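Asks: Read off the chains here:
Number of protein chains: 2
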Amino acid sequence: MKIIVDAFGGDNAPLDILKGCEMAVKKYGDVQIVLTGDEATIRKVSKENGISLSKMEIVHAPDVMAMEEHPNQLTKSKKNSSMAVAMRLLSEGGGDGLVGAGSTGAMLVGATLIVKRIKGVKRPALSPIMPGDTTPFMLIDCGANADCRPEMLCQFAQMGSVYMKAVAGVANPRVGLANIGTEETKGDELRKETYKLLSELKNINFVGNVEARDIPFSVCDVVVTDGFTGNIILKMYEGVASALMGKFKQVFKKSLKNKLAAASIMGDLKIMKKDLDYSEYGGAPFIGVKKPVFKAHGSSDAKTFCNAIGQTAEFIRADVIGQIEQSVGVFEKADENAEQGE
Amino acid sequence: MKIIVDAFGGDNAPLDILKGCEMAVKKYGDVQIVLTGDEATIRKVSKENGISLSKMEIVHAPDVMAMEEHPNQLTKSKKNSSMAVAMRLLSEGGGDGLVGAGSTGAMLVGATLIVKRIKGVKRPALSPIMPGDTTPFMLIDCGANADCRPEMLCQFAQMGSVYMKAVAGVANPRVGLANIGTEETKGDELRKETYKLLSELKNINFVGNVEARDIPFSVCDVVVTDGFTGNIILKMYEGVASALMGKFKQVFKKSLKNKLAAASIMGDLKIMKKDLDYSEYGGAPFIGVKKPVFKAHGSSDAKTFCNAIGQTAEFIRADVIGQIEQSVGVFEKADENAEQGE
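As they're listed, the protein sequences go chains C and W. Count along the first sequence from 1, add 9, and you get the number used in my numbering. Count along the second sequence from 1, add 9, and you get the number used in my numbering.
Take these hints with a grain of salt, some might be off.
Just so you know, same-sequence chains aren't split out, so a pair can sit in one copy or run between any two.
What the hints assert, rightly or not - Derived pair list, reagent style DMTMM-like, types lysine to aspartate or glutamate, alpha-carbon separation capped at 25 angstroms:
#, residue 1, residue 2
1, LYS282, GLU247
2, LYS266, ASP284
3, LYS88, GLU192
4, LYS279, GLU247
5, LYS85, GLU193
6, LYS36, GLU323
7, LYS279, ASP142
8, LYS131, GLU334
Derived by calculation from the structure, the hints in this document are not laboratory data. Quantities reported herein were computed from a predicted structural model and do not represent experimental measurements.
Build the full structure now, drawing on both the sequences and the hints.
Replies: Take a look at the structure:
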């Protein structure tokens, strides 16, 4: 399979991206890479760092989509950026999937406007795989759609189920609705209406509302929410963990006695921290567009980026898109409740 | 001052509530207590446990509002519960403030329907004081109003500022809008519209949007949000901290070496945990009703409940209600954008 890689996306591009690609072609025998970006720079950086470009081809793109640029510029002033070229290449059949570590907003624009939605899907979602206490779970949506309607959340539930079953191998994914209480009458209007619709869906295993305090404890495999709330959940995960780790560090550095104690358990603490670090999971698929598009973390190093390529390969192999397309009838059924003109 | 206490609210009622009241009358010289609940039980439990009822009076209430009961029953089948009697007593001038550890939903019903809103205030809010990395902050609203309009969030900002200034002594409270990006164009429709209105308010120190990942780092003193999102933030705080603590415990118990290391820093870890435990902050005021109503944690022990009485006393002394009433003109100005008929 051919995986298109935006060689100039992310904090450590292009060096770590190229290193990650080299690792991936060695690790995954069936993977070939199509790099997009400035060809001379790619060749120069590879040569200087002894990176082999075997099983890789380059499609030249002179520009770079910077992180601070408005996402909409992707199809305007930055249509010759490595990201825009990668998206067009994917759309035109030049590869089976795409992975990039660039701006999430710009990748969403590319996925939606260039790769385009699967027919019948109302909105693509950004849906990271998060570390839970015992098993990982998918958070869908986590920022692609700030304002959602109930039928959009139903599609997230269905698409998330397909992904977790096909890619993560969960036999009958438990779908939970992120809410502020477990009873079906809890929450805002969006949640109350969504609860009813989810209860009626035959093709998912809806386990009801899940409270935020239970989300980290792996109580379900797919956590369904609007993009605003999902982003708050994602970033609270990050913020609280970071604040707490900071407090632990203060304790560990407080005295010589504490420093010695910390040193003796540091190895185990590092393993624990890695287990909890969602960047280790490689990133987040955009679900609902016609071809696999995978967002790697902006801070990806070579190894994390190699993992992201592996996830994208799995996304392609499992034919998630095909399975979603086959379910389009189901989605269109959910559409009956939707507003006109969409 | 007279503080009304629901003697039968919370997991540890009435014993820990009575103990907490005894501690409070000793600790705060100007505080008298009015207990509501079954008089015979209160006297029996006090006698059996050697609790002095000095500076306390009892107003008999035969029923108890159970946690699992629908909040609306407070004014119906449970109108003779200790909570309902406490709320009516407060409303009729039988005390200067009220503190209870019973069901949050039922207390909200009581605060709204019995104590009633301050004229001009659209919605009362539940607004806990949360531990931040360096300084605590108020989260307003955190569950009283799942569906909010922009002008409601503006009032939360104003009322939260008054409280943090008057009770917590913050000179010029920094008000932040919880959002999914820092730019003013970020977020859902509610956030975009609220951002504009908050920017125009003269009587608050609006510092812009705050991302969820920065909330634990004390980047502002008042975090403004709708009750749905606020509840998600509150419970993510709890859930992520709890999951992470669990992981640390696993590491600490993994081997004899780790157990020894953990034992030597356990004292400092306990202090840290206490700093982060928001139940130590005593609870959450309901802001926007005519008299001070304070929600203590359901799991309050005697000491935590005593702290909650102290917070309620401060709420009364600082005349937060008076200051909000004086600002009513400002609130009514914000009302011009509201729907008719409210």
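Asks: Hint by hint, say whether it matches the structure.
Replies: Status of the hints after comparison with the structure:
In this homomeric assembly, LYS282 and GLU247 come within 25 angstroms of each other (Cα to Cα) both inside a single copy, at 12 angstroms, and across copies, at 18 angstroms. In the homo-oligomer, the alpha carbons of LYS266 and ASP284 lie at most 25 angstroms apart only across protomers (21 angstroms), although the nearest pairing inside one protomer, at 27 angstroms, exceeds that limit. Only between protomers do LYS88 and GLU192 lie at most 25 angstroms apart by alpha-carbon distance; the minimum there is 24 angstroms, versus 48 angstroms within a single protomer. Taking CA atoms no more than 25 angstroms apart as the test, LYS279 paired with GLU247 passes in both settings, with 17 angstroms inside one copy and 23 angstroms between copies.
With identical chains, the CA atoms of LYS85 and GLU193 are at most 25 angstroms apart between copies only, with a shortest distance of 22 angstroms across copies and 45 angstroms within one. Taking the shortest Cα distances, LYS36 and GLU323 sit within 25 angstroms of each other inside one copy (13 angstroms), while across copies they are farther apart (64 angstroms). Proximity of LYS279 to ASP142 under the C-alpha cut-off of 25 angstroms is found in both arrangements, the shortest distances being 16 angstroms within a copy and 22 angstroms between copies. In this homomeric assembly, LYS131 and GLU334 come within 25 angstroms of each other (Cα to Cα) only inside a single copy, at 13 angstroms, whereas the closest approach across copies is 47 angstroms.
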